[in-house]
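With chain A fixed as given, assemble chain B onto it according to the hints.
Given next are the chains, with one letter for each unit.
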Amino acid sequence: MKRFLLAASVAAFAISGPVWAADHLTIGIQLEPPHLDPTGAAAGAIDDVTYGNIFEGLTRFTEDGSIVPSLAESWQISNDGLTYTFKLRDGVQFHDGTDMNAEDVKFSLDRARGDDSTNAQKGLFAGIADVVVVDPLTVEVRLSETDGNFLFNMAWGDAAIVAPESIGTIKTNPIGTGAFKFSNWVQGDRVELVRNDAYWGQAAALESATFKFISDPIAAFSAMMAGDLDAFSQFPAPENLVQFEADDRYKVLIGSTEGETILSTNNKAAPFDNVNVRKALALAINRQEIIDGAQFGYGTPIGTHFAPHHPAFVELTGNSPHDPDAARALLAEAGLADGVTVSLKLPPPSYARRGGEIIAAQLRAVGINTEISNLEWAQWLEEVFRNKDYNLTIVAHTEPMDIGIYANPDYYFQYDNAVFQALMGELRRTTDEEIRSQLLQQAQRIISEDYVNGFLFQLPRLTVAKREVEGLWANAPTQAVDLTGVRWAK
Amino acid sequence: MLGYLTKRLVSLLASLFVASVVIFSVVEVVPGDPAAFMLGMNARPDTIAALRAELGLDGSVVERYLAWVGGMMRGDFGISYTYRTPVADMIADRLWVSLPLALFALTLTVVIAIPAGLFAASRRGRAGDYSIVGATQIGIAVPNFWFAMILILIFAIQLRWFSAGGFPGWQDGFWTGLKALVLPAVALALPQAAILTRVMRSSLIEVLGEDFMRTARAKGLSSGAAIWRHGLRNALIPVLTIIGLQFAFLLAGGIIIEQVFALPGLGRLVFQAISQRDLIVVESVVMLLVFAVIMTNFLVDLAYVAVDPRLRRRA
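Top line first, the protein sequences correspond to chains A and B. Under my numbering, the letters of the first sequence match residues 1 to 490, in that order. Under my numbering, the letters of the second sequence match residues 491 to 805, in that order.
The shape of chain A in the complex, shown without the other chains (with noise of 0.2 Å):
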């Protein structure tokens, strides 16, 4: 008796567990949210589950990163191109029954440029003057200068329009307009979504979603090979992709994202305050073999600091071919004939822990010698990113369209070019788009003749899901796992 009880409570266990029925979607993200603000932190995780699921701005991207009209269904510009008026979607309304109107737009806007804003991106919002309601239906943005980038910047996840009424428990229970409502949190484990039956657009095709969080790559691959998911957005182990590519029950999304993979370098301190050392840097580089051996392959070579998928790109690889030679010529007429030693400090990402060891050996080739020391993320924020006591590192910048970043003298890598910085100013100030395309060119020259870091590679988006599953974003324009249109193929 005793034995079959034993065998019965087994059988039990392999039997028992959640059986899911076909309209929904458990998808695995590497990081869990803090919190589920998007409003309030810079962490791309919260963005993950919320950007168009839960939260959505006056305008959103699309997958291939083009900007759409979302909450806002049309909008007019001054002819001083200083006054947005935006006219807001009728009958939206938040999760939990209120109305979407125009004085929760004053409010989100004035909430995130406020003093007591904890605004990750509170520079998207730094522009604005004034914000005006007309009518519940219309809002009028006033702002001091033109900006060329007003309608992209208010499609980012930190633009959500949020409500008065929920603002005090949105970081636990976030309150948005989107076409999933938030269910539950299992801290450590798990987020679940529902359908918002009341949305205002095409509604969801699956009923709910769960998010789960799998930090550990090893981990992320058994649960994706064991079934308990039906896609990882983000795979953290590219060298295991190869076996779900040739396993048909899977298949394998590669896109790409906003994350310029640099070798960021510090303008200020020697020797790199030379132009012709960092020029010798970035020739001592072999681009091919980095994506190769710390990304398995997957990458986009970069020679400027910018998205290869955007209309505007201009390649420039050219300007830093593998020429160890030359390299080794430049430093001699810098006067390091005799090599130099230089620190690189690397955050923990795996594109920057094993990168840095390749990089380390090119650079060796050619009489750069470097001291590696891997930090944790804060440490890297507090040496690197604030004090700027470094000489090199590896970082992805994934901001959409931060090339705007080189304009700035005290941000760290120090690269200070008036030329630069008026031609940014210049692009702010323009709303034309032929001409807009044509500087931005133009500042993708600039500070790639200016070797002012090492351009590596695009960093790639890699998906890995279920065959059956549909309509999951390949491409990452701003950090989203939009769900809305997913649907599992009949």
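Treat the hints with care, since some could be wrong.
Stated by the list, open to error - Label pairs and their calculated CB-CB ranges:
#, chain 1, residue 1, chain 2, residue 2, range
1, B, P576, A, I446, 46 to 52 Å
2, B, L556, A, I446, 51 to 57 Å
3, B, V516, A, A126, 23 to 29 Å
4, B, L547, A, R467, 44 to 50 Å
5, A, A198, B, Q648, 41 to 47 Å
6, A, R467, B, R534, 44 to 50 Å
7, A, K388, B, E553, 30 to 36 Å
8, B, A539, A, S144, 20 to 26 Å
9, B, L547, A, A270, 32 to 38 Å
10, A, E103, B, L556, 41 to 47 Å
11, A, R429, B, R534, 17 to 23 Å
12, B, E553, A, A332, 55 to 61 Å
13, B, P535, A, P69, 33 to 39 Å
What the hints assert, rightly or not - In silico EDC-like pairs for lysine to aspartate or glutamate, Cα to Cα no more than 20 Å straight-line:
#, chain 1, residue 1, chain 2, residue 2
14, A, K268, A, D23
15, A, K171, B, D579
16, A, K466, A, D130
17, A, K251, A, E239
18, A, K268, A, D130
19, A, K171, B, E544
20, A, K171, B, D583
21, A, K388, B, D523
22, A, K466, A, D23
23, A, K87, A, D23
As the list claims (entries may be wrong) - Some residues of chain A that are not near chain B, with every Cβ distance over 12 Å (derived):
#, residue
24, G318
25, S350
26, A422
27, Q441
Derived from the structure by calculation, the hints contain no laboratory data. All values reported here derive from a predicted model rather than from experimental measurement. Where is the CB? At the ideal position from N, CA and C, for every residue including glycine.
Here is chain B on its own, set in the frame of chain A:
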């Protein structure tokens, strides 16, 4: 007896005080600002300052230490910097994973190790003894995370009997929760069982050589009955010490196993909190673990008194 307990209690309180000072000072000097971490690379200085004020990171070191210790005594562990939820709730949630897991693993350890040790000791120098000693050798040598991966490979990926990781929670029923803990508990328990088996075996072998065991046989007890009535109780003291240490290890040291199985336990909480500079969570969890270790040792001391009458009389 009372003197013995008082002495233990005083040393317990002193240890807790010293631990709190050490933990707080270590966390204080770790570089990295929680507010800067949360706001990332595009944050402006005024935003970081606003967040620091909101998090209460402005006060002096002494003020913050007193607030922390005072809060803990009232059961208030503060509010997590990153999650913005009460630390006490977070710890409680994670304990619902870590504590059952540690108990489960410890039960497995004891259930395997005591009979195996008994068996090996009673068959000393024979085939049964050698095979158990050999098995424990392997059990100690194999790292538990590697063993965990092998378990996942066989039981989750190939056979699909269990999930490869994650924890559904207890709300779907006891068995669903327990099922998710089976593989991690086995992975944690086997190396511990190997250690405990060896302790049990050698401790019993030592006792078997004592005079009173010979007397027990001489008065006519069978070898099995002699071990059962007189050997086991005397062999248990070192075993209890090890079990106490193992429980503390299983509670705090499950972090690698939690990582491999993606379990939302205490170890992973503290690991995450360290990298996010969620200092208040780090301090509180570490303090709690120290408390658990000290309490376990205290209970083990009490258990000595229970199994060893001499301690009762002497003290």
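Q) Taking the CB of A/E103 and the CB of B/L556, does the distance hold inside 41 to 47 Å? A) For A/E103 and B/L556 the Cβ distance comes to about 44 Å; the hint holds.
Q: Determine whether the Cβ-Cβ distance between A/R429 and B/R534 falls within the hinted range of 17 to 23 Å.
A: Hint holds: Cβ distance 21 Å, inside 17 to 23 Å.
Q | Cβ distance range 51 to 57 Å for B/L556 and A/I446, holds or violated | A | Roughly 55 Å apart at Cβ, these two residues keep to the hinted range, so it holds.
**Q.** Given pair status - B/D523, A/K388, alpha carbons within 20 Å
**A.** holds (15 Å)
Q) A/K87 and A/D23: Cα distance at most 20 Å? A) Roughly 34 Å between the alpha carbons, so the hint for A/K87 and A/D23 is violated.
(Q) For A/K268 and A/D23, compute the direct alpha-carbon distance and say whether it is at most 20 Å. (A) Answer violated: A/K268 to A/D23 is near 55 Å, above 20 Å.
Q: Starting from the hint 55 to 61 Å, judge whether the C-beta atoms of B/E553 and A/A332 obey it.
A: holds (58 Å)
Q | Distance restraint evaluation - B/P535, A/P69, Cβ atoms, bounds 33 to 39 Å | A | holds (34 Å)
**Q.** CB-CB spacing for A/I446 and B/P576 relative to the 46 to 52 Å hint
**A.** holds (51 Å)
Q | Satisfaction of hint between A/D130 and A/K268, Cα-Cα up to 20 Å | A | The hint is violated at about 38 Å.
Q. At the C-beta level, are B/V516 and A/A126 separated by a distance inside 23 to 29 Å?
A. Because 39 Å falls outside the window, the suggested range is violated.
Q | Beta-carbon spacing of B/A539 to A/S144 - inside the hinted bounds 20 to 26 Å or not | A | holds (23 Å)
Of the numbered hints stated above, those contradicted by the structure are hints 3, 14, 16, 18, 23, listed in ascending order.
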